[in-house]
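Given the sequences, and given the hints that come with them, work out the whole structure.
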Amino acid sequence: MIMRALFKHSILTLCGVLSLCASAFAADGQLKIPEFAGLADKAAESVIITLDPSLLRLAARFLDPADPQDAAAREAIAGIKGIYVRSYKFDADFAYPKADVDLVRKQLGAPGWQRLVEVRSRKEQQNVDIYLLVEQEKANGLAIIASQPREFTIVNIVGSIDMRKLHELEGQFGIPKLEIEEKK
Amino acid sequence: MTHARAGESSAFAALVRRYQRTVYSIALRMLNDRHRAEDLAQEVFLQLYRALDSIDSDTHLVFWLRKVAVNRAIDRMRQESRHDSEPLTDAVTVVDESIADDPLLHRRMTELIAELSPAARAVVVLRYQEDLDPVDIASTLDMSINTVKSHLKRSLMQLRARVQGTAIVEDIR
Amino acid sequence: MSKDFEQQLRDALQPVDPEEGFDQRVMARIAQERSRSRTKITRWASVALAASVLFVAVLGAHQWQLRREQEGLEARKQLIEALRLTGEKLDVAYQAVNRESSPPADDGSGA
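Protein chains in written order, with our numbering: chain A, 1 to 184; chain B, 1 to 173; chain C, 1 to 111.
The hints are simulated quantities; they were obtained by calculation from the structure and are not laboratory data.
Mixed in with the good hints, there may be bad ones.
Claimed, not checked - Pulled from the structure, derived: some chain A residues nowhere near chain C, Cβ distances all over 12 Å:
1. G38
2. A73
3. V85
4. F90
5. F94
6. L108
7. G109
8. W113
9. D129
To be verified - If you want the footprint, here are the derived chain C segments under chain A, 3+ residues with CB under 8 Å:
10. 73-83
11. 86-97
Idealized CB from N, CA, C, for every residue including glycine.
Pasting the structure below:
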């Protein structure tokens with residue numbers, strides 16, 4: 001089992017390096033996610049979320065500023081332009097097209113994308129890859145590809161990712177406390 | 001009637017002329033007043049104008065006119081609650097003296113008919129002016145045949161007694 | 001003997017004509033009513049049309065607003081779900097990193 005403990009280091013680096021200076025780079029952090037046609041019918045559970053800029057703005061209007069969770073979410077998505085999620089769970093092993101998932105992983109080899117975490121767990125048969133698109137010391141995209149025999153999840157967040165805001169979402173919406181600073 | 005339904009005014013006017021006597025006479029015998037009778041007769045034809053599409057034959061038309069005229073008259077009488085007859089000053093001039101054997105008697109009869117209740121009056125008018133049989137009278141007035149016969153019987157007795165009473169008085173004189 | 005009483009009744013109740021010109025008076029009244037109806041219909045038609053246009057516009061706007069509200073609530077729901085899933089996968093990575101970072105358990109061996 002090979003684990004790369006880059007996660008903690010990368011997060012610290014990014015938190016230190018990332019600034020609020022204006023981004024001059026207009027690279028697109030949006031991945032080309034396959035249609036996965038017909039997969040929803042085969043899956044026991046499926047989550048398909050496509051929040052483009054206008055839908056994000058609409059969603060933000062319905063976040064209650066008086067609610068701490070909603071307020072934190074609104075802060076977190078402030079610079080975000082899009083959130084795209086495809087998540088499927090199956091009743092049988094490898095009922096999904098692994099090749100299609102690998103195609104998404106391949107896009108993360110393009111310039112700008114930096115791997116934050118790579119988890120390969122033979123015991124749990126789980127693979128998790130977390131990538132950031134970093135441009136001019138700014139995170140303009142986040143990609144998470146997680147796969148197991150009976151499920152896979154692709155999360156693609158486009159736009160200015162404020163890791164500190166993401167950090168502030170800890171404990172809310174099920175996001176765990178990262179306790180990054182504590183582990184220094 | 002087809003032309004009248006098609007909206008031809010002259011055709012409708014012809015219908016009015018054809019049936020005005022029937023409608024006006026019913027109104028007159030019921031209301032016992034010429035002006036009110038004309039007003040009611042006009043209303044009947046106005047209503048006919050609106051309802052022309054629902055009339056499907058000449059027979060139906062006559063039935064309809066009689067029914068509407070007499071029922072409107074009864075409604076008006078009940079609204080005005082005039083069961084006591086007024087002097088038939090207008091009705092006197094109405095008696096067609098050319099055919100009347102006894103104008104005085106006829107005048108007396110119309111006076112006495114005007115004293116009948118609205119329903120009884122309607123029965124008598126439809127029977128003796130319109131020459132309808134009790135079955136047709138029943139359907140025109142939405143009454144049972146027994147009620148019609150009952151009205152007829154009582155009205156005739158009452159009228160006969162009143163007329164004979166007069167005659168007796170006259171004979172004695 | 002006097003005539004049969006019923007015949008006398010018939011004689012007394014002979015139908016009578018209305019005054020001359022009755023048909024013309026009826027037609028005049030019909031014409032008057034038609035003219036009144038047309039005016040009423042035209043007036044009411046404009047009012048009804050204006051009211052119905054306004055109603056449709058208001059209803060349309062209201063329905064659009066309802067639809068937009070539904071879309072907004074749905075978008076919010078999706079956003080929450082997306083953040084939750086993101087957090088869930090981040091947690092997987094975090095747990096893995098945590099396990100990697102923790103000192104190995106003492107197995108009791110060694111001298």
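Hint-by-hint comparison with the structure:
no.	hint	result
1	G38	22 Å, holds
2	A73	6 Å, violated
3	V85	5 Å, violated
4	F90	17 Å, holds
5	F94	19 Å, holds
6	L108	15 Å, holds
7	G109	19 Å, holds
8	W113	16 Å, holds
9	D129	9 Å, violated
10	73-83	holds (count 9)
11	86-97	holds (count 11)
When each numbered hint is compared with the structure, violations occur for hints 2, 3 and 9.
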